[in-house]
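Let chain A serve as the given structure and place chain H on it in line with the hints.
These are the residues of each chain, in order.
2 protein chains.
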Amino acid sequence: MNTMTKSTVGRSETFQDKPTRFPDTQVNGAPLKPITQVLIDRRATQHFKSDPVPEEYLEAILTFAGQAPSGYNLQPWRFVVVRERENRHRLQKAAMNQSKVSEAPVMIIAFAIKDEWKNQIDAIFDEGVRRGAGDAGIVEMQKAAATKFLDSFPAAVWLNRHTMIALTTMMLMAEAYGLDTAPIEGFDADAVRREFSLPLESEVIALLAIGYAKGPDKAYGGRLALKEYVFKEHYGGPWTLE
Amino acid sequence: MNTMTKSTVGRSETFQDKPTRFPDTQVNGAPLKPITQVLIDRRATQHFKSDPVPEEYLEAILTFAGQAPSGYNLQPWRFVVVRERENRHRLQKAAMNQSKVSEAPVMIIAFAIKDEWKNQIDAIFDEGVRRGAGDAGIVEMQKAAATKFLDSFPAAVWLNRHTMIALTTMMLMAEAYGLDTAPIEGFDADAVRREFSLPLESEVIALLAIGYAKGPDKAYGGRLALKEYVFKEHYGGPWTLE
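So the sequences go chain by chain: A and H. Read in order, the letters of the first sequence are residues 510 to 751 in our numbering. Read in order, the letters of the second sequence are residues 510 to 751 in our numbering.
Note that these hints are calculated values from the structure, not bench results.
Treat identical chains as interchangeable: a pair holds within one or across any two.
Simulated pairs of lysine-lysine, DSSO-like, Cα-Cα distance not exceeding 27 Å:
| no. | residue 1 | residue 2 |
| --- | --- | --- |
| 1 | Lys727 | Lys558 |
| 2 | Lys723 | Lys602 |
| 3 | Lys652 | Lys736 |
| 4 | Lys542 | Lys527 |
| 5 | Lys727 | Lys652 |
| 6 | Lys736 | Lys527 |
| 7 | Lys542 | Lys723 |
| 8 | Lys602 | Lys657 |
| 9 | Lys727 | Lys542 |
| 10 | Lys627 | Lys741 |
| 11 | Lys652 | Lys623 |
| 12 | Lys727 | Lys627 |
| 13 | Lys602 | Lys623 |
| 14 | Lys558 | Lys602 |
| 15 | Lys527 | Lys627 |
The following block holds chain A by itself, in its conformation from the complex:
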């Protein structure tokens, strides 16, 4: 099929279904944290112990991240998982020398490659049709509409938006499993690209440290009150309960 030869990906091994096998307790055996507790407990961890993250937990966190929604299901997020000590030290140097980057047993580099969707859109739309999510009769029209939208939209913004859905999912899953995390935006994107062989046309979006906190959390700095960031019906409309 013409569309398959244009793709870098082939159907059979390229796609997966929803996760069915994954750890359903915290790493320490306690029940999974409810999402409310996840959101209350989550802090940007300052220092990490060296204890490793069990492989099956890491794999589940990465798999669930991939269930995030994306425009046209194009899933532009990409992740490099850095665990080797030497590589974590190289990443630390590219990340303003923050010590947590080499302390954490798992560092995730979240990035996305500009225009990579052009190589994948055929395979992804074909897979949608195969699974009954798309309609073969109009798939070419839908592909053209998606292409028109994406070609006219600032690529960096689109890639950041979507990758952050998957990265946030990853962060919250890790917390639900009783792990600690730290999202990091202080890094030299050029150095990260160079040190980890990312394509020049990639957008380096965030780093995420995953592991176990060492020492106490930093104090909670508070959050803006609801009325400062939520508005009723229009911008400036004071937020009040009904």
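Chain H only, in chain A's frame:
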């Protein structure tokens, strides 16, 4: 204090603590969904019933969204909650006339205002010091470093990144409460700004429909296999289990 007069926000009513009172069951009284189930069940809902979302659930969803992490705790996300029928129809027109936009009882417009952080950084850093999260002795130096970073970074990218953390949190909280959602990126940003009085310098980032699905979900389109989006140690490093 000089820093307070420069802020649009004042300390006492402007900040909130972590949530302590919120619904701890689904809307139908069932236990909160575990995050694994949330991520497996979540679909971009195509059509919504008109049943309203209970006020205390909406408020909790918005409050938990505000617990998201952000660079320097600057929390740039802003949300307009659109529930009035006439306004949902106006939003539908600005959103490629997608019917779900007027069907859903709650529509969220997620946006962020360029440079608004400049009006809030003093109050937010002062609050951090007051709560023990910042150090009064170095707060001015930290503020200068934050300002230097933010002034040199593409604003649209930074605002999109952070707002998507809060929006993803909102989407997953809604699902945990047994509600259905649809994130929407097809809209005319100028029309949304105009119709909902958003500042011209705002970045309109996404819409999120919240309510109850009407009819069956669209079929699941599949996801890329782990080896397509996860790499070991460097880009291109094949993902294999240890």
